[in-house]
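Let the hints inform the model, and build the full structure from the sequences given.
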Amino acid sequence: MSDVRIKVENLWKKFHRGEIHDSLRDMIPSLAKRLLGKSPSRKELGEGDFWALREMEFEVKAGEALGVIGPNGAGKSTLLKVLNRILRPNRGHMKVEGRVGALIEVSAGFHPDLTGRENIFLQGAILGMRREEIANKFDEIVAFSGIEAFIDTPVKRYSSGMNARLGFSIATSLEQDVLLIDEVLSVGDWRFQQRCNERMEELVKGGAAVIFISHNHRAIGSLCDKTMLIRSGQKAAYGPSGDVIREYLQGSTESNAGADAPVHLSRVTLSQDGTEKWDFSPGDEARVDIEVKASTQQKGLVAVLFVRNQAGHAIFNTSTNGLTDTVDLEPGESHVFSFGLEMHLARGEYHLGAALHEKATEQRIDTIFPAATVHIHSNADVGGTCQLYPKLLTD
Amino acid sequence: MTTETSPATFDSRKRTILGDFREIFGDFWAYRFLLYQLTLRDIRIRYKQAIMGFGWAILMPLMVVGSGLIVRSAMAYLADQPFASEIIAGVALKAVPWSFFVSSIGFANQSLVRHFSLVTKIYFPREVLPLSAVLAGVFDSLIGGVALLIVLPFLGVDFSWGLLWIPCLAVLLICFTVAAGTFLACMNLFFRDVKYIVQVILTFGIFLTPVFFEPIMFGETGAQIMMLNPLSPILEGTRLGVVEGHNLFTPLISEAGTVVWQPWYLAYSAAWAIPGLFISLITFHRLEFLFAEYA
Numbered sequence: 001m002s003d004v005r006i007k008v009e010n011l012w013k014k015f016h017r018g019e020i021h022d023s024l025r026d027m028i029p030s031l032a033k034r035l036l037g038k039s040p041s042r043k044e045l046g047e048g049d050f051w052a053l054r055e056m057e058f059e060v061k062a063g064e065a066l067g068v069i070g071p072n073g074a075g076k077s078t079l080l081k082v083l084n085r086i087l088r089p090n091r092g093h094m095k096v097e098g099r100v101g102a103l104i105e106v107s108a109g110f111h112p113d114l115t116g117r118e119n120i121f122l123q124g125a126i127l128g129m130r131r132e133e134i135a136n137k138f139d140e141i142v143a144f145s146g147i148e149a150f151i152d153t154p155v156k157r158y159s160s161g162m163n164a165r166l167g168f169s170i171a172t173s174l175e176q177d178v179l180l181i182d183e184v185l186s187v188g189d190w191r192f193q194q195r196c197n198e199r200m201e202e203l204v205k206g207g208a209a210v211i212f213i214s215h216n217h218r219a220i221g222s223l224c225d226k227t228m229l230i231r232s233g234q235k236a237a238y239g240p241s242g243d244v245i246r247e248y249l250q251g252s253t254e255s256n257a258g259a260d261a262p263v264h265l266s267r268v269t270l271s272q273d274g275t276e277k278w279d280f281s282p283g284d285e286a287r288v289d290i291e292v293k294a295s296t297q298q299k300g301l302v303a304v305l306f307v308r309n310q311a312g313h314a315i316f317n318t319s320t321n322g323l324t325d326t327v328d329l330e331p332g333e334s335h336v337f338s339f340g341l342e343m344h345l346a347r348g349e350y351h352l353g354a355a356l357h358e359k360a361t362e363q364r365i366d367t368i369f370p371a372a373t374v375h376i377h378s379n380a381d382v383g384g385t386c387q388l389y390p391k392l393l394t395d
Numbered sequence: 396m397t398t399e400t401s402p403a404t405f406d407s408r409k410r411t412i413l414g415d416f417r418e419i420f421g422d423f424w425a426y427r428f429l430l431y432q433l434t435l436r437d438i439r440i441r442y443k444q445a446i447m448g449f450g451w452a453i454l455m456p457l458m459v460v461g462s463g464l465i466v467r468s469a470m471a472y473l474a475d476q477p478f479a480s481e482i483i484a485g486v487a488l489k490a491v492p493w494s495f496f497v498s499s500i501g502f503a504n505q506s507l508v509r510h511f512s513l514v515t516k517i518y519f520p521r522e523v524l525p526l527s528a529v530l531a532g533v534f535d536s537l538i539g540g541v542a543l544l545i546v547l548p549f550l551g552v553d554f555s556w557g558l559l560w561i562p563c564l565a566v567l568l569i570c571f572t573v574a575a576g577t578f579l580a581c582m583n584l585f586f587r588d589v590k591y592i593v594q595v596i597l598t599f600g601i602f603l604t605p606v607f608f609e610p611i612m613f614g615e616t617g618a619q620i621m622m623l624n625p626l627s628p629i630l631e632g633t634r635l636g637v638v639e640g641h642n643l644f645t646p647l648i649s650e651a652g653t654v655v656w657q658p659w660y661l662a663y664s665a666a667w668a669i670p671g672l673f674i675s676l677i678t679f680h681r682l683e684f685l686f687a688e689y690a
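Protein chains in written order, with the numbering used here: chain A, 1 to 395; chain B, 396 to 690.
There may be inaccurate statements among the hints.
Claimed, not checked - Dumping the calculated DSSO-like pairs for lysine-lysine here, alpha-carbon to alpha-carbon at most 30 Å:
1. A:K95 to A:K43
2. B:K443 to A:K95
3. A:K61 to A:K226
4. A:K235 to B:K516
5. B:K590 to A:K156
6. A:K156 to B:K443
Keep in mind that the hints were calculated from the coordinates and are not lab data.
Right, here's the structure in full:
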């Protein structure tokens with residue numbers, strides 16, 4: 001076997017927007033269409049179709065981990081499903097060598113009425129394990145999941161965390177040549193997550209080829225040497241993880257309205273003392289520039305700046321409405337709204353977003369989110385969302 | 396580590412009929428433990444936490460026999476003929492394979508849709524889903540079959556070499572059931588109205604299949620028409636072989652001179668079951684890649 005475990009060449013996958021006919025009655029007209037040759041081939045886009053993956057090209061070698069990042073709906077999970085043979089590509093080729101394991105919905109095969117013990121054998125078999133293999137690994141699986149006491153209880157009485165832990169333990173006990181991971185580390189408590197990370201590092205060191213999809217950039221950065229950024233089904237960047245994650249976080253996200261709109265948000269930058277920057281300490285001064293471009297005459301523009309935490313909750317927002325007058329633009333003119341912010345945030349990752357409103361109609365014209373991602377670094381033992389500068393009082 | 400021929404290695408480039416069959420049976424072999432586990436699961440959940448327990452396996456054939464008795468005693472009464480215990484034996488012999496067919500098709504038909512979350516998330520050869528549904532039905536029928544063998548001597552059936560027809564015809568029936576179940580499972584995934592059509596056919600199928608009666612009751616032409624149903628020769632052959640001790644490789648002409656059995660009836664059923672099995676497996680396998688998109 002060659003060193004290359006996963007090889008993807010010019011891979012395309014199309015999806016259909018909207019309903020697919022799903023009764024015999026609907027099939028007859030579509031069959032007739034196909035017979036008359038009016039239906040598009042598998043390789044072309046038909047009405048309502050779109051490319052979920054385009055021109056995918058990469059390879060992963062044994063002992064290598066490739067991180068995959070990108071906004072929701074970019075095609076990350078579709079890519080994994082294609083590699084896992086659940087979906088077949090419309091164009092292009094791929095080759096996956098050796099035994100493939102996937103950490104996607106790790107407890108999908110569980111039957112609620114069967115006990116944990118019975119389900120280990122069932123789920124193991126679904127993942128392609130043989131009887132002896134499961135029997136040999138049984139104690140290890142149970143120990144790793146930490147549910148020894150409940151192993152003969154039907155899984156319908158398990159908590160969702162126990163369910164996921166058991167599923168993860170089974171899935172990672174498998175000896176794979178290729179491992180596909182889709183955002184599973186969000187299950188279980190902190191200690192379990194820690195153990196999961198260690199287990200995955202072991203697997204990579206043991207010579208598995210790993211593809212790791214996650215929104216947890218820190219986990220990607222520590223596990224994967226290389227990362228691929230996917231946007232709208234296309235490879236937008238590929239290279240050393242640190243560089244790609246940085247590029248993603250810099251917020252080159254396209255605006256909702258798009259560059260062809262009469263007026264749109266064209267750029268959002270985050271800086272400190274004149275240099276672009278994304279790492280801050282609590283209390284640092286940051287400057288956010290929001291550039292707006294207009295191709296037709298615009299009146300009464302208001303810029304909105306908002307911050308969301310990693311869970312996506314809005315934690316702060318402000319707008320130019322109360323701070324200055326509105327802005328009018330002539331055709332071809334652009335304007336930069338600049339905000340100064342004091343970053344009184346607790347340690348962690350936050351996403352900045354920008355929006356453009358028209359004051360008279362109170363209509364939102366455009367949004368960019370995430371426009372930039374901020375890392376707040378701090379050694380202080382502070383968690384949560386804001387920094388309240390705690391100190392110990394001795395009096 | 397294995398190379399090209401291993402079912403674990405996947406290359407999207409190759410696709411031939413022969414290659415497909417190699418893939419299907421290679422997958423079956425590689426995933427034989429999964430097939431066993433899924434069958435075991437279906438059996439376990441059927442007998443776990445159930446009032447009936449293993450009685451469930453006998454309930455359905457028993458109901459069929461009961462209904463058959465009502466129908467046949469009414470017929471005997473109208474024809475002013477004595478009601479022979481051989482009639483019960485004949486109906487009971489056909490009730491077990493009929494129940495097997497109905498329940499297996501029912502479970503197999505729903506097997507893909509029921510495992511929606513597996514089909515859209517995890518790769519494994521999907522053929523094992525309808526196949527394990529049928530295998531669980533085989534297990535049920537074994538219990539029913541054992542019960543039947545205990546009862547048969549009391550119904551005036553002498554055990555003879557004719558019993559050997561049972562395993563032969565059972566293989567044919569299983570092949571046909573797997574073929575139909577696999578095909579329907581994938582149709583049902585694409586078209587959700589298939590399950591209603593199948594339900595209707597299974598409900599009324601008992602009138603189009605010789606379970607309660609013998610095809611010869613409809614006269615020679617009627618019997619031949621009824622034998623067009625691929626299940627008919629299998630069910631009727633079981634009765635003729637076991638109850639009447641007839642050698643199915645030879646024709647059987649009644650005293651009145653009408654044709655009761657022709658050896659090619661068997662060949663006809665086999666012509667449905669065996670090529671049907673291959674066609675439906677290859678259809679299933681070729682459409683497999685669409686399952687996750689349509690499910």
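Quick rundown of the hints versus the structure:
1. At roughly 19 Å between alpha-carbon atoms, A:K95 and A:K43 fall within 30 Å of each other, so this suggested pair holds.
2. Distance restraint check for B:K443 and A:K95: the Cα-Cα separation of roughly 43 Å exceeds the 30 Å cut-off, and the hinted pair is therefore not satisfied.
3. This hinted pair checks out: A:K61 and A:K226 have alpha carbons roughly 11 Å apart, not beyond 30 Å.
4. Proximity of A:K235 to B:K516 is assessed by CA-CA distance (about 23 Å); at most 30 Å being required, the pair is judged to hold.
5. Simply put, B:K590 and A:K156 have alpha-carbon atoms about 28 Å apart, close enough for the 30 Å limit, and the pair holds.
6. Distance check on the hinted pair: A:K156 and B:K443 sit about 14 Å apart at the alpha-carbon level, within 30 Å; holds.
Consistency with the previously given hints fails for number 2 only.
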